[in-house]
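2 protein chains.
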Amino acid sequence: MRLSRAFLPTLKEVPAEAQIASHRLMLRAGLIRQTSAGIYAWLPAGLRVLRNIERIVREEQNAVGAQEVLMPTIQSAEPWRQSGRYDAYGPEMLRLRDRQDRELLYGPTNEEVITDIFGQSAKSYRELPQMLYQVQWKFRDELRPRFGVMRGREFLMKDAYSFDATYEAAVASYRRMMLAYLRTFQRLGVRAVPMVADTGPIGGNLSHEFLILAPTGESGVFYDAALEEQDWLAQDVDIEDDRSLETFFNQVTQSYAATDEMHDAQAWEKVPEAQRREGRGIEVGHIFYFGTKYTESMGVSVTGADGAPFHPQMGSYGIGVSRLVGAIIEASHDDAGVIWPDSVAPFRAAILNLKPGDADTDAICEQLHAADPEAFLYDDRSERAGVKFNDADLMGHPWQLIVGPRAAKEGKVEVKRRATNERFELSVAEALAKVQTA
Amino acid sequence: MRLSRAFLPTLKEVPAEAQIASHRLMLRAGLIRQTSAGIYAWLPAGLRVLRNIERIVREEQNAVGAQEVLMPTIQSAEPWRQSGRYDAYGPEMLRLRDRQDRELLYGPTNEEVITDIFGQSAKSYRELPQMLYQVQWKFRDELRPRFGVMRGREFLMKDAYSFDATYEAAVASYRRMMLAYLRTFQRLGVRAVPMVADTGPIGGNLSHEFLILAPTGESGVFYDAALEEQDWLAQDVDIEDDRSLETFFNQVTQSYAATDEMHDAQAWEKVPEAQRREGRGIEVGHIFYFGTKYTESMGVSVTGADGAPFHPQMGSYGIGVSRLVGAIIEASHDDAGVIWPDSVAPFRAAILNLKPGDADTDAICEQLHAADPEAFLYDDRSERAGVKFNDADLMGHPWQLIVGPRAAKEGKVEVKRRATNERFELSVAEALAKVQTA
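Quick mapping for you: the protein sequence lines, in order, are chains A and B. Per full-length UniProt numbering, the very first residue in the first sequence carries number 1; after that it's consecutive. Per full-length UniProt numbering, the very first residue in the second sequence carries number 1; after that it's consecutive.
No lab work stands behind these hints, which were simulated from the structure alone. Check each hint, because a few of them may be wrong.
Pairs count within a copy or across copies, as identical chains cannot be separated in the list.
[Said to hold, decoys possible] Calculated pairs, SDA-like style, for lysine to any residue (alpha carbon to alpha carbon, straight line, at most 25 Å):
hint, residue 1, residue 2
1, K293, N205
2, K138, R51
3, K270, W137
4, K355, T109
5, K123, D380
6, K12, A359
Here chain A stands alone, though its shape is the one from the complex (with noise of 0.2 Å):
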């Protein structure tokens, strides 16, 4: 793509409203655009990186047996009304009234709705489990909307829903969300953390929220350095044994974790100190196994083995997509901008054309151009050298092609690691050869 007809707005001046750094370089490298307070238009920088994230959920998801659903964003308040939530939700759920004065909501969650689906088709125990997730916009009306699409009103979400038919299955569907979360944040480039979080009434130890360690987390975090350390693409987890899955998950769980809400200090003590880590994390993703809590409210049950009917085991499993977005610059920018890890950068490398209009670079960048117009940021302006290295550090790419006059006689571009601040002299074969493989 061609800077000169990109629609990529970046600004030179820090907005005055934003008060954390993802934000403010949120908004500077042009990924997005307020439209009203909390709620945000996605410019096309912006929107590839979403993409690139929900691409990966999606592929984890899709890799422990999930099939994807989409649920509408307007929802009835009838089956909140079964649930017991209607009323009890709060001013966050953003009520409203259709022109026949039914009551309607934007879905901040969707265990009442999938629920609902779910019951109209299941009939018998031979249909479980089942495991349904969405990636759909959410809208939770915070009083005091903040740090960009990190505490938006409208924002992106993947909701993932499991139907068992034992406590055991549904422990299994809980084991293998953990497995796909850790290879999703993993894959992402970001660490995340699970933490112990509470059960509430249920109770057990089946609910944990995953953070990503940032200076600006709003909560404060505990854990053991094994579970930063762990490679966990490489582990070999068969989901369909439910020893292995087992395996995994006290291997997870045997290493202390958790936020200050649940910190134990005993339990702390215990942890060798060369491995204690304290920081701040980033809430990005939720597991959390229910029982029967939404079954059985919604009247939703199918017939067992023995013909007798039963209400199935759910869980639900949440990761905050749009909020990754700004949970990653958080855990990885500079002061000259954002630092995009490769796996959801919106472009692999900038091309950047230090004189257009000399032959010699422009041959060059239009022959790097063309080995990959989609990946490739190419920037053509007729700007100053010192505004495009601005703004490629701003933007973020994981590469610079840097392509000045004296070099490229030679055939030469120098290649910069954005991350790194290593420099290459390198040919323009071996420059597409490092960018393109590394």
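Mind docking chain B on chain A? Use the hints.
Showing chain B alone in chain A's frame:
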């Protein structure tokens, strides 16, 4: 995917509320479920169709240089007041108030928001032209929602917006979109004929609706057969060259085509009788040039080459993505069920194991399924053959791979083409070659 584990609930009964074929078939084939009046959830098979349509729409938008953005569903009333449409829009606009009593609405279309976003960033004529699009859910509070997704309340649309410096440049943008639309619909496996539409006070001929021909269409249509014989994918149009665009556009618009609203009996007389086609059509797209209507009312201008500010010229371009699912079915079904065009089918083929548990049929089915578990739906259920035949016809997979015990003993598979009912007895390798390359 194995049908025994999939969430693909088909219905035997014909749903009483569904008046037209596509609505009945979408419910029966397990594509959608209604969650409120005119609001639907998309089950896995339906979502696959929706995603296939989206993918083709995006590819053709990108091919003419449009860039994807994403605007929120919830908009502030403010820009709608500026444009004058907030009061004009009527009861189809879903209006709401948040907890701070701010006036919001669920966007039925996005001219105001995109003009605002564009205006915040664009400063100079050098940043033109721009073509921005999104694929996003919209809401129109229909008084009597019906016909399933064909006239639902929450619906998915692709909407694009062009910004140009001059009328001539705006015309070129319009022509590019005409090309993108004709290519999109052809790739979707349907014929959509562009018909001159009313331009209201703006005048000129730069407004076209695209109608898919189907007996249940809401409009009568009159058109020259030349328009459905053209292979738009084979046309060699240089989208950077205004003369090439003009030649293409003249070729489209020289043939008569109009809905009954715009029908001109005199012009119709001039179409050779053998070329005249009359029928009914479903509107699935609309392209529209409207000049400076929004840039003027919303005070958006950029600086021209002469230093003087001017209001950019705009056009907007919609495709009804969720409506297309219904429209394609209206155009392509029979008494037994849906007949999916290959490009949008949720699964390329169904594998029908007529005797699960038989060593020969099981082995062949597993072999077929392993060849492409994502694109092949394996009906491994313990159901009678008749149930499997009916469900496969109902779901409308382009191909069926029928594996019965007798043929299986000889390593043979019966391949059925859904659209033509052609049948072939083939070896496993031949069957795969036929289905995967056809």
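Consistency of the hints with the structure:
Proximity of K293 to N205 under the C-alpha cut-off of 25 Å is restricted to the intra-copy arrangement: shortest distance 17 Å within a copy versus 59 Å between copies. Proximity of K138 to R51 under the C-alpha cut-off of 25 Å is found in both arrangements, the shortest distances being 17 Å within a copy and 20 Å between copies. For the homomeric pair K270 and W137, neither the shortest alpha-carbon distance inside one copy (42 Å) nor that between copies (52 Å) is at most 25 Å. Proximity of K355 to T109 under the C-alpha cut-off of 25 Å is found in neither arrangement, the shortest distances being 52 Å within a copy and 42 Å between copies.
Taking the shortest alpha-carbon separations for K123 and D380, only the inter-copy value of 18 Å comes in at or below 25 Å, while the best intra-copy value is 61 Å. Proximity of K12 and A359 under a CA criterion of 25 Å is satisfied in neither setting, with 30 Å inside one chain copy and 69 Å between copies.
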